[in-house]
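Asks: Sequence:
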Amino acid sequence: MDLSDPEKTLFHDAETGELTMNLPEAGFIASGVDFDQLETYMKRFTQIATHLGDLVTGDDQLNDARVIFDWLWKSKPHRYERGGSFKLTQVIDAQLGESDNVGNCLGLTTLYNSITQAFHIPMTAAYIDDFQGYPHVFSILYSGTAPIPIENIYSEGFDFDVHNHNARIAVWKNLHLIADIYNSRANEEDNEEHRLKRDLLLSYILASETR
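Residue numbering for the sequence shown follows numbering that gives the first Met the number 0, starting at 0 and increasing by one per position.
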């Protein structure tokens, strides 16, 4: 299996089944950047986080998560696109560029979780095998007494009741999101190498859960 130099860093970090590098860095690497491009995209991500830093108080995680969610939707009201971008690089480019659309459920969830985690908001991802006829990814906020599902494909998706008490939902680690980027690349590019990378990352998670 051929790994780029950034991927070698990512896969070494992932061997324990948990990522210590931050989610946007891992997401950019999984999207196919080299080290120079990684630096550029981390600066672009920081540009978004810095702007939101003027709006996030740090006093109320639930409110801050809502502020970030609402800002993203106000900035791009047509941000969701079924079959749209899943690579975090393309999602960042769309968020900062002229495009009306930003990404699909995977792309939007990876972006939202990356931003909220940058503000130390306890956000994770969740997967359901069939939502409106398709596999689907969304966010879950763990703050307070009950988890709050956040549906990134709808402007009204904050605290999305439809996902409450659904036994088919699987809670995902950051590493699952990265594996799913590789899975999507494998499908889009018909590339077995990306499928092998996905499988290796999932094997790290499985090994960590069975220790």
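Keep in mind the hints are simulated off the structure, nothing from the lab. Some hints here could point you the wrong way.
[Unchecked claim] For lysine-lysine, the following DSSO-like pairs were computed, each having C-alpha atoms within a straight-line distance of at most 30 Å:
hint : residue 1 : residue 2
1    : Lys172    : Lys7
2    : Lys73     : Lys172
3    : Lys7      : Lys42
4    : Lys75     : Lys42
5    : Lys42     : Lys73
6    : Lys42     : Lys172
[Claimed, not checked] Simulated DEER-style distance windows between Cβ atoms:
hint : residue 1 : residue 2 : range
7    : Ser202    : Ile127    : 30 to 38 Å
8    : Asn190    : Asp69     : 12 to 20 Å
9    : Asp58     : Asn190    : 41 to 49 Å
10   : Gly82     : Gly143    : 28 to 36 Å
11   : Asp160    : Asp128    : 31 to 39 Å
12   : Pro76     : Arg210    : 32 to 40 Å
13   : Ala166    : Asp35     : 44 to 52 Å
14   : Met20     : Tyr141    : 35 to 43 Å
15   : Asn190    : Gly82     : 40 to 48 Å
16   : Gly132    : Leu61     : 28 to 36 Å
17   : Ala166    : Gly96     : 33 to 41 Å
18   : Leu199    : Asp69     : 34 to 42 Å
Computed from a prediction, not measured in an experiment: that's the story for all the values here. Cβ coordinates follow ideal geometry from the N, Cα and C atoms, glycine included.
Asks: Hints first: check each against the structure and report whether it holds.
Replies: Each hint, compared with the structure:
no., hint, in the structure
1, Lys172 x Lys7, "holds (20 Å)"
2, Lys73 x Lys172, "holds (28 Å)"
3, Lys7 x Lys42, "holds (21 Å)"
4, Lys75 x Lys42, "holds (20 Å)"
5, Lys42 x Lys73, "holds (22 Å)"
6, Lys42 x Lys172, "holds (24 Å)"
7, Ser202 x Ile127: 30 to 38 Å, "violated (23 Å)"
8, Asn190 x Asp69: 12 to 20 Å, "violated (37 Å)"
9, Asp58 x Asn190: 41 to 49 Å, "holds (45 Å)"
10, Gly82 x Gly143: 28 to 36 Å, "holds (35 Å)"
11, Asp160 x Asp128: 31 to 39 Å, "violated (20 Å)"
12, Pro76 x Arg210: 32 to 40 Å, "violated (45 Å)"
13, Ala166 x Asp35: 44 to 52 Å, "holds (45 Å)"
14, Met20 x Tyr141: 35 to 43 Å, "violated (21 Å)"
15, Asn190 x Gly82: 40 to 48 Å, "violated (18 Å)"
16, Gly132 x Leu61: 28 to 36 Å, "holds (31 Å)"
17, Ala166 x Gly96: 33 to 41 Å, "holds (40 Å)"
18, Leu199 x Asp69: 34 to 42 Å, "holds (37 Å)"
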